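Colleague: Letter by letter, the chains look like this.
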Amino acid sequence: MNAALYRKIFFYGFLLTLWHGLYQAKIWPEYLFPSPADVGANLWQGLREQSYIFAILASFRRLLIGYGLSVVLGLPLGILLARYRWLEQTLGSLVLGLQTLPSICWLPLAILWFGLSDSAIIFVVVIGSLLSVTIATKSGIQQVAPLLLKAARTMGAEGVRLYRYVILPAALPTVMSGLKQGWSFAWRSLMAGELLFVNVGLGHLLDAGRELNDMSQVIAVIAIIVVLGWLTDRFVFASLERKIAERWGFH
Amino acid sequence: MSAAAAEKLSLHNVSKVYASANRSGIIALSEVDLHVRVGEFLCIVGPSGCGKSTLLSILAGLETPTSGSVLMDGLPIQKAGTERVVIFQEPALFPWLNVLDNVEFGLKMKNIPYPERREKALQALELVHLSQFQDAYVHQLSGGMKQRVALARGLVLDPEILLMDEPFAALDAQTRDSLHEELSRIWAHTKKTIIFVTHNVREAARLGDRILLLSAHPGTVLNEFKVTLPRPRFIEDPGVMDLARNITAQLKSRHREIAPEVVI
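In order, the protein sequences belong to chains U and E.
Positions in the first sequence are counted from 1; adding 96 to them yields the numbering used here.
Positions in the second sequence are counted from 1; adding 4 to them yields the numbering used here.
Check before you lean on any hint, since a few could be wrong.
Subject to a maximum C-alpha distance of 30 Å in a straight line, what follows is the list of computed DSSO-like cross-link-like pairs (lysine-lysine) [claimed, not checked]:
(1) E:Lys-230 to E:Lys-195
(2) E:Lys-195 to U:Lys-246
(3) U:Lys-339 to E:Lys-112
(4) U:Lys-276 to U:Lys-104
These aren't lab readings, by the way, just hints derived from the structure by calculation.
None of these values were measured; they are calculated from a predicted model.
Starting from the given sequences, assemble the full structure and let the hints guide the process.
Modeller: Written out as structure tokens, the structure is:
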């Protein structure tokens, strides 16, 4: 075990103790400020009764579909924008403009188009992350060193193979950061969407906690959302980024 | 016809003008005539701005001349191809591939199947004495080693012509010395036609059969020197130093304004 781990354990231990101390001091009523033990009990119960598990699965399903669509659409769109100047000047400017719009603003439109359904939320998730993936892919490709392209051309790389074996791998570090940003935008859009209209999911559990005046549930669900976000960052994106950094020698 | 057959490259009246803000454009090369024999080691020397890199890009097929003809084996050069491999000043290796995969790259583009591809790449790495680094990533190599990998990556394609654009300019003197030795050895061994661009007159005298002197603004052929010094040569050989001094002196007397940029 290393010093960093000890510091973390100490820090979170301290945070829980502080929380418990504040609870004991009874500054706020119990229904607004539950103890760590209450939240832990709520979490345990929700997981044991599987209602939280179903919510996690429902949210992840939407997230994976939405994010998957963003990647599948965003990568080729980014490639096209990098490839054709006229497309960048027209569609590219629209993409940049739309990226400034918080994706949840699309929800009313999505509900009118798709009704109160999963499709509406997935639409918001796609819009939320698609543009990040597209813009990162486009700029990653445009930043590839011209010398690498020259070298590749003199070695016989052309057309699709130039993209597959040179341009896309060379753009990978930038594309990767776009994929990561897209994931976090997808996750935020999903939570916003789920909060705003009721359906099975983590956002819905939050809203239900508010309606039932159940602060333990609200905090327990926030904890789940934080932990899930942290886990995917740690075990998916951070490890991919580490691999890229090792290979390319970014340190 | 035997004289014509032995001619690898011929350039007639080649000019290159880049578009610029004013209407006349920038003349990089002006009416260059050049003939290169099969197996010749030709060095092109000149100050910066003499268009030597442009000339090499045209030979590589990466750029097209504004006017004039560029023939290889009597046929016009229209695009880049693996019979003319370029070694740049920067190694331009692919950082996402390890050393061996970098060397294999061109063979993969030629659809050479895997076992054969690997075997050839290993041979090429052996030629540049880097076999034990086959699994290393590019960033783990020194500048000289990277340039050796670039050389192996070009040689593995068995090109007819090696085009080298100041390939050792960014290296320290010692590393450059050892790469001169390796390049001379590889040239003697493979009989490739080599066109080697440099701003270093001594390097040219050390390596070449013939040295072409270009002048700047616009780039045009100033003079030509046959190098008859015996091989193997070394950079500190009196003959090499004398020739370098002689070339530099001629450059100075003809073009006082460009001489300071040329390294002896």
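Colleague: Could you tell me which of the hints above the structure violates, numbers in ascending order?
Modeller: none
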